[in-house]
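A.B. asks: Model the full structure from these sequences, guided by the hints.
6 protein chains.
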Amino acid sequence: MSERYQKGLEMLNKMNKNSYNTLKESLEDIAPDLARFVAEFPYGDIYTRTGLDLKSREIATVAALTALGTAPLQLKSHIKGALNVGCSKNEIIEIIIQMAVYAGFPAAINGISAAREAFKELDEEKE
Amino acid sequence: MSERYQKGLEMLNKMNKNSYNTLKESLEDIAPDLARFVAEFPYGDIYTRTGLDLKSREIATVAALTALGTAPLQLKSHIKGALNVGCSKNEIIEIIIQMAVYAGFPAAINGISAAREAFKELDEEKE
Amino acid sequence: MSERYQKGLEMLNKMNKNSYNTLKESLEDIAPDLARFVAEFPYGDIYTRTGLDLKSREIATVAALTALGTAPLQLKSHIKGALNVGCSKNEIIEIIIQMAVYAGFPAAINGISAAREAFKELDEEKE
Amino acid sequence: MSERYQKGLEMLNKMNKNSYNTLKESLEDIAPDLARFVAEFPYGDIYTRTGLDLKSREIATVAALTALGTAPLQLKSHIKGALNVGCSKNEIIEIIIQMAVYAGFPAAINGISAAREAFKELDEEKE
Amino acid sequence: MSERYQKGLEMLNKMNKNSYNTLKESLEDIAPDLARFVAEFPYGDIYTRTGLDLKSREIATVAALTALGTAPLQLKSHIKGALNVGCSKNEIIEIIIQMAVYAGFPAAINGISAAREAFKELDEEKE
Amino acid sequence: MSERYQKGLEMLNKMNKNSYNTLKESLEDIAPDLARFVAEFPYGDIYTRTGLDLKSREIATVAALTALGTAPLQLKSHIKGALNVGCSKNEIIEIIIQMAVYAGFPAAINGISAAREAFKELDEEKE
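Chains as they are written, first to last, in numbering that gives the first Met the number 0: chain U, 0 to 126; chain Z, 0 to 126; chain F, 0 to 126; chain R, 0 to 126; chain S, 0 to 126; chain B, 0 to 126.
Take the hints with a grain of salt, since some may be wrong.
Since the list gives no way to pick one copy over another, a pair counts as held whenever it fits inside one copy or between any two copies.
[What the hints assert, rightly or not] In silico BS3-like cross-links for lysine-lysine, where the CA-CA straight-line distance does not exceed 30 angstroms:
(1) K16 / K119
(2) K6 / K23
(3) K13 / K54
(4) K6 / K54
It is worth saying that the hints were derived from the structure and are not from the lab.
Computed from a predicted structure; not experimentally measured.
C.D. replies: Right, here's the structure in full:
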């Protein structure tokens, strides 16, 4: 286990442990190296960088995934991650609404659907 | 002049006066209403909303435009806007590098090109 | 209730009342302002503009959403809207097939799936 | 010369003769078959179909290319084509402004830039 | 039945007979010409071209559909096609993982999901 | 200098030395870590993987960048890389033409423009 992988796992533990475990399990039989790369590069190399705080990093990610509109599962996962590093639900909603300006209303509306599901799943986990 | 337009212009004055004036002039002969809509909806309705600070809003916009990769001029303009509302150059670079994870390395590299040009234009304006 | 909102609702009543009501209900608890913005800006500000008839506006929207390929629910809703403002089913099919040229065959094939579902839902509503 | 190619050339003569000649010349040395396919499939097979008039077809294309934002040269060419089959300049502007709703404001603003250039080139050709 | 259609069907028989039959049936009532165009242009005109072998063509298609991220059903179908023309499962996984570099990690992860489903469907067909 | 970086540089030397040097220089003052990441992750981690030969990897990349349409400079650079690892000019043209099917004709036409420029630059370098 490389140092980068170790650092990535620590970051993932802080940001979004459950989502990574689900991803890792789903890739285990078919593309385990992709799961390793996810821990190493985005989480080990990028999210650990100083120069931008984690909350700002998740704001950037939620915005980008809402705008792209091609990764609803990852958006949901990063909405949960954003809550874990200090975003409020309301701030997440604001980011997504703002994307109507840059990627169109359908992107924003679909982003809100992802947020609704993410919030609901978190409520269910708490119960 | 509607109240929304007035509010939008005030926000634009704070965030990115020059870019809006350039846009407005360029649209004057061909689509003046689009310039008005830009002031009214994104700036009058969205950026004025409470619930997310302006710096976070520009982080979201810089991230989204880098990821989409189809609007280099607008990205440059929002990089300047981000600096005007409290982002450091380094924070902007971090946001853009992070987009390699969500939209690929070419998107991040092209985002850095936009940042380089935006920073250079700002340096030239100061001279 | 602003004049723009009122105008938008009137336009939505003409174009696609059911879809907007569904959207509004789904956003009520989480992002009610986004539903308001949908009525105000696209429907209150844009679709009410003179200079392009409603049928042509829905042709443009069906084409764009088919080409983008990221908003199947909104495409379905606009296919119904297009029928409500004078497009025939056949014209809608033609628009979507044409998108194979500009966005590739998968975009066109997925657009036809949206049309199939939209037509079926309308048939079921009539029964 | 196949019948489809012949039909495509006739359609191109009506819609946008100059753009196709420029394209054909530019592809002659490197990918002449792509120029042939352009005449055969989009123009020979699609634009000649009954069921949607040419003006509506160009409305769909201008909308889609504005929304995609990745083909400014082709958008310019189809703006000229739209004028040739009965769209007014104002209708084209309306289509493009409307795309702010579905693909974001930057897409609409960049679409207007394409329109400005297309209109200017047509004016210069007339002189 | 045109010669191009005939050639396309032969190519489809070799590459991905089942997927085309499913597509054709699904389009029969609503857009039969689109099914015909799929046989004629991509399969009759393009895949039959010399100059690039079929395995390389499917590598290109799997890569592009993974990167675009808007056509998971077509990606699944081309993953099966790639296996039919000589790609190994492992090569397909490698292509998809590589797309993390050019279109971001979510695109690659979603591509792997498509591969998992395609492989599973093929296993079930064999049983 | 990490082992991954070293491996990445060796791969880049084989595939596309000049393009990387140009990139590295352009990022030196503004985002040197992004240049390092390019060497480490795409070239050190991905292109060095066994399981898919380099020629097939460049086919995948040229296809994806043509289809995305947002990274013409990177496409040009990978067209040169493809030639360096065994693709012929004709094979590259075939990959790009094929993208008309999956991403539309404008994407293919713009891809051919990138190829024309890449071929021309290589000819000039040889002189």
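A.B. asks: The structure should be examined with respect to each hint, and the outcome stated for every one.
C.D. replies: Each hint tested on the structure:
1. K16 / K119: Both. Shortest intra-copy (18 angstroms) and inter-copy (28 angstroms) distances satisfy the 30 angstroms Cα cut-off.
2. K6 / K23: Both. Shortest intra-copy (16 angstroms) and inter-copy (26 angstroms) distances satisfy the 30 angstroms Cα cut-off.
3. K13 / K54: Classified as both: same-chain Cα gap 12 angstroms, cross-chain 24 angstroms, threshold 30 angstroms.
4. K6 / K54: both (18 angstroms within a copy, 28 angstroms between copies)
Violated hints for the displayed structure: none, as all numbered hints are satisfied.
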